[in-house]
Amino acid sequence: MELKEIQGYLYFFFILFLTAILYGYIVHLYRSEKKGERDYEKYGKMALDDELDSKPVEPLDENDVNEKRSGK
Amino acid sequence: MQNPAVEYDYTVAKWFSYLAILFGILGMGVGVLIAFQLAFPELNYIFGQYSLFSRLRPIHTNVVAYGFTLSGIWATWYYVGQRVLKVSLKESPFLSGLAKVHFWLYFVTALLAVVSLLFRVTTSKEYAQFEWPLDILVVVIWVMWGISIFGLIGLRREKTLYISMWYYIATFLGVAMLYLFNNMAVPTYLVTGMGDPLHSVSMYAGSNDALVQWWFGHNAVAFVFTVPIIAMIYYFLPKESGQPVYSYKLSLLSFWGLMFVYLWAGGHHLIYSTVPDWMQTMGSIFSVILILPSWGSALNMLLTMKGEWSQLKDSPLIKFMVLASTFYMLSTLEGPIQSIKSVNALAHFTDWIPGHVHDGTLGWVGFMIIAAIMHMAPRFFKREIYSKKLLEAQFWLQTTGIVLYFSSMWIAGITQGMMWRAVDQYGNLAYSFIDTVTVLHPYYTLRAIGGLMYFIGLFMWAYNFYKTMTAARQIEEEPKFASPMAA
Amino acid sequence: MFGWLEKNPFFFAVGVFVVIAFAGLIEIIPDFAQASRPLVGTKPYSVLELAGRQVYIKDSCNACHSQLIRPFKSETDRYGMYSLTGEYAYDRPFLWGSKRTGPDLHRVGNYRTSDWHANHMWDPTSVVPGSIMPAYKHMFTNVTDLETAFAEALTVKKVFNVPYDKDIDGDGKIDVVLGDSPADFEAAKQRALQEALVIAKETKREDLVNMVKEGKIPEIVALIAYLNRLK
Chain A
1 MELKEIQGYL YFFFILFLTA ILYGYIVHLY RSEKKGERDY EKYGKMALDD ELDSKPVEPL
61 DENDVNEKRS GK
Chain B
1 MQNPAVEYDY TVAKWFSYLA ILFGILGMGV GVLIAFQLAF PELNYIFGQY SLFSRLRPIH
61 TNVVAYGFTL SGIWATWYYV GQRVLKVSLK ESPFLSGLAK VHFWLYFVTA LLAVVSLLFR
121 VTTSKEYAQF EWPLDILVVV IWVMWGISIF GLIGLRREKT LYISMWYYIA TFLGVAMLYL
181 FNNMAVPTYL VTGMGDPLHS VSMYAGSNDA LVQWWFGHNA VAFVFTVPII AMIYYFLPKE
241 SGQPVYSYKL SLLSFWGLMF VYLWAGGHHL IYSTVPDWMQ TMGSIFSVIL ILPSWGSALN
301 MLLTMKGEWS QLKDSPLIKF MVLASTFYML STLEGPIQSI KSVNALAHFT DWIPGHVHDG
361 TLGWVGFMII AAIMHMAPRF FKREIYSKKL LEAQFWLQTT GIVLYFSSMW IAGITQGMMW
421 RAVDQYGNLA YSFIDTVTVL HPYYTLRAIG GLMYFIGLFM WAYNFYKTMT AARQIEEEPK
481 FASPMAA
Chain C
1 MFGWLEKNPF FFAVGVFVVI AFAGLIEIIP DFAQASRPLV GTKPYSVLEL AGRQVYIKDS
61 CNACHSQLIR PFKSETDRYG MYSLTGEYAY DRPFLWGSKR TGPDLHRVGN YRTSDWHANH
121 MWDPTSVVPG SIMPAYKHMF TNVTDLETAF AEALTVKKVF NVPYDKDIDG DGKIDVVLGD
181 SPADFEAAKQ RALQEALVIA KETKREDLVN MVKEGKIPEI VALIAYLNRL K
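Chains as they are written, first to last, in the numbering used here: chain A, 1 to 72; chain B, 1 to 487; chain C, 1 to 231.
These are computed hints drawn from the structure, not numbers from a lab. Honestly, I wouldn't trust all of these hints.
Below, a list of computed lysine to aspartate or glutamate pairs in the DMTMM-like style, where the Cα atoms sit at most 25 Å apart [stated by the list, open to error]:
no.	chain 1	residue 1	chain 2	residue 2
1	B	Lys480	B	Glu392
2	C	Lys173	C	Asp145
3	B	Lys249	C	Glu6
4	C	Lys158	C	Asp180
5	C	Lys58	C	Asp167
6	B	Lys14	A	Asp39
7	C	Lys73	B	Asp277
8	B	Lys90	B	Glu478
9	A	Lys35	A	Glu2
10	C	Lys231	C	Asp167
11	C	Lys7	A	Glu37
12	B	Lys159	A	Asp49
13	A	Lys35	C	Glu6
14	C	Lys231	C	Asp175
15	B	Lys90	A	Asp49
16	B	Lys159	B	Asp9
17	A	Lys55	B	Glu478
18	C	Lys216	B	Asp196
19	C	Lys137	C	Asp115
20	B	Lys480	A	Glu41
21	C	Lys166	C	Glu186
22	B	Lys306	A	Glu2
23	B	Lys389	B	Glu478
24	A	Lys55	B	Glu392
25	B	Lys341	C	Asp167
26	C	Lys189	C	Asp123
Only part of the chain C face toward chain B is listed, based on derived beta-carbon distances under 7 Å [to be verified]:
no.	residue
27	Phe11
28	Ile57
29	Thr85
30	Tyr88
31	Lys99
32	Arg100
33	Arg107
34	Gly109
35	Glu147
36	Thr148
37	Glu152
38	Leu154
39	Thr155
40	Val159
From the three backbone atoms N, C-alpha and C, an ideal C-beta is built for every residue, glycine too.
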């Protein structure tokens, strides 16, 4: 097979793959919100309530933080 | 949770803001001069050979893109980054030290770059003119920024990254990849041991070089003039208006759409050139598809103002940002139109292209950076914005300037494109080339006046910022949403 | 999977990189070998022409002039045969430009002469009334940096196998003589001076001829050598 041909197939399948992922992502966004697993819109608050002492929208686990900080 | 630091560290954000103002005035000042040179060629000689149009044009483009815009990007990065991750630079002596080194190294490199262009040291590749020693400095600066981004992320208190962070990360990665590949060159002195040590020769030849260059050139626009500016507006517009992003989900989708589609569109700079046809077609098609994610972001910004449109009347900062997103919509529609093959045949090589670039850069990039810096100023200095009236006047003056700019360039570009292809009744070319130049004189004059108006606006901005820093009324605590301003 | 990606900055960055690098992989890499093949008979630039090309780059002539004739009748009528990819095989960097504030120059050597160029670069409006191009008088006194041009030629010969010192058109003679090491520079300089003297005489300018006779090539002469080569 010529390089050009391989390139053509690669291109075609990668596009299909990425399109599938993109649609999968849309489905994921709405489904996880419907099921109540995650509320994406709440992340918008990160810009509004951004003082150093504000409560994080989604805090890291306390352990995680300590681990990271002692590492530095 | 207990935070060890009491407040955010704005030092480096402030420094970069000063630099953005300085480079804005320098870069656009040169721009106004060369615009007038096209209308009045005698102006080419005011500083001997150092003011020739061809010498100054690269200085204009580089100072505006890599001086003004990058400074603006980093001013906001060192502000927004801390805030959306809820971590202060003061918590890490390493990162705050690095930020300062980043600033100074960047400043020195930028000055060296200007001087080198003034003394004819250039590779001639547009937006990648710097010779190899400067390229290496640029890479070092870029790596520093990368460490800053991922270092700060490592210390964050907020688990999920806000959408602006996504865009900053993409800027970092995109520019790194593009810049490295496009600037691959062999320094001739290292191979032969003779000649100018600064000189290098491109790794790619002819059509390949063109392809790499415009893959870079187009996407440098993407990752310097679009992606980081979206990062800014997703933070500053909600914050200034007190309204959360209209649809966070849409912002995520547009992000991935933009990332994927943008890179393909570079081929539209090479339509009807000698690169293979399929690439040209691909460039054309993807440019049209690009409307979707671009308008996704732009509409999301505009809809963020839903129900709060009265703020548009009250706040000049909201005016700047809303008009910025409108200009973003305009230029992301105009670009794809110019990428359609038959339109491109007419528009390519004409003044319509600089016209298109400038409604994006002046309207979208410039306005967003101006608004971002004026939003940050009261937080930097714990003072009100010095004058709302001045800010309003600046807005209207600059908006008029932009309209004059792009409308005159539309007419100029289409006129010239039509005249190049016009034939008489026997099928011979109707105009000699010089006819198509002299006809543009009035439009070049109008364009220069438009640019001058925008330039004057910059001085109003600088004055307002300076007075905010030194003389405006002090405020007790950091404003939460709308920036306070004295009438 | 998606939620996880949003919270893991490292893998998120990898994802972004894959998505943006994809276009480059598909679009750019595969065509490289083919597009860099020279058109049959295309010869590399002589040292003097290369020096002129460096002057063209140094003063950013490409800011206003393109070197790309598109395949339209209006363009071929005005500038000549449309451009072919093989003609650019030795162009490092390419100089297509992106804006025609002035006319295309890809075949300017076909219809302009040395003295026209000299007059034009000294005072553009003297030959093109109404021209908005500035004069480039410093090129008439600056001395060409022949050494860097030679270094570039030697570099592309060594690194990219550009066919210097080879018989390209098959007539049994070496087409463009260069040499193999910096020691050959003196000989290359003498050849360049001979070429330059012809052009200087064609410009009918005493000062240029005298400079070349003194062993110094003015930048304008190198530039004209390059422009005459564009055919």
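To see whether the hints hold, each was checked on the structure:
1. B:Lys480 <-> B:Glu392: holds (22 Å)
2. C:Lys173 <-> C:Asp145: Cα-Cα ~28 Å, so violated.
3. B:Lys249 <-> C:Glu6: Holds, because 12 Å separates the two Cα atoms, which is no more than 25 Å.
4. C:Lys158 <-> C:Asp180: holds (9 Å)
5. C:Lys58 <-> C:Asp167: Violated, at about 31 Å.
6. B:Lys14 <-> A:Asp39: violated (35 Å)
7. C:Lys73 <-> B:Asp277: holds (19 Å)
8. B:Lys90 <-> B:Glu478: holds (18 Å)
9. A:Lys35 <-> A:Glu2: Not satisfied, since the Cα-Cα distance of roughly 48 Å exceeds 25 Å.
10. C:Lys231 <-> C:Asp167: holds (20 Å)
11. C:Lys7 <-> A:Glu37: Holds, because 15 Å separates the two Cα atoms, which is no more than 25 Å.
12. B:Lys159 <-> A:Asp49: Distance of about 15 Å is within 25 Å: holds.
13. A:Lys35 <-> C:Glu6: The hint holds at about 19 Å.
14. C:Lys231 <-> C:Asp175: Distance ~17 Å between Lys231 (chain C) and Asp175 (chain C) Cα, so the pair holds.
15. B:Lys90 <-> A:Asp49: holds (20 Å)
16. B:Lys159 <-> B:Asp9: holds (21 Å)
17. A:Lys55 <-> B:Glu478: OK: Lys55 (chain A) and Glu478 (chain B) at ~17 Å, within 25 Å.
18. C:Lys216 <-> B:Asp196: The given pair, whose Cα atoms are some 17 Å apart, holds under the 25 Å limit.
19. C:Lys137 <-> C:Asp115: Holds, at roughly 15 Å.
20. B:Lys480 <-> A:Glu41: Holds, at about 20 Å.
21. C:Lys166 <-> C:Glu186: Holds, at about 20 Å.
22. B:Lys306 <-> A:Glu2: violated (55 Å)
23. B:Lys389 <-> B:Glu478: holds (22 Å)
24. A:Lys55 <-> B:Glu392: violated (36 Å)
25. B:Lys341 <-> C:Asp167: Violated: Lys341 (chain B) and Asp167 (chain C) sit about 41 Å apart, past 25 Å.
26. C:Lys189 <-> C:Asp123: violated (29 Å)
27. Phe11: Interface hint status for Phe11 (chain C): violated (12 Å vs cutoff 7 Å).
28. Ile57: This interface hint holds because 4 Å falls under the 7 Å limit.
29. Thr85: Holds, about 4 Å.
30. Tyr88: Check passed: Cβ of Tyr88 (chain C) comes within 3 Å of chain B, closer than 7 Å.
31. Lys99: Status holds, d = 6 Å.
32. Arg100: holds (4 Å)
33. Arg107: Nearest chain B Cβ about 14 Å off; hint violated.
34. Gly109: violated (17 Å)
35. Glu147: Constraint on Glu147 (chain C) satisfied, holds at 5 Å.
36. Thr148: holds (4 Å)
37. Glu152: OK, holds: Glu152 (chain C) within 7 Å of chain B, min 5 Å.
38. Leu154: holds (5 Å)
39. Thr155: It holds, given that the least Cβ distance between Thr155 (chain C) and chain B is near 4 Å, below 7 Å.
40. Val159: holds (6 Å)
Going down the numbered hints, you'll see the structure goes against 2, 5, 6, 9, 22, 24, 25, 26, 27, 33, 34, while the others check out.
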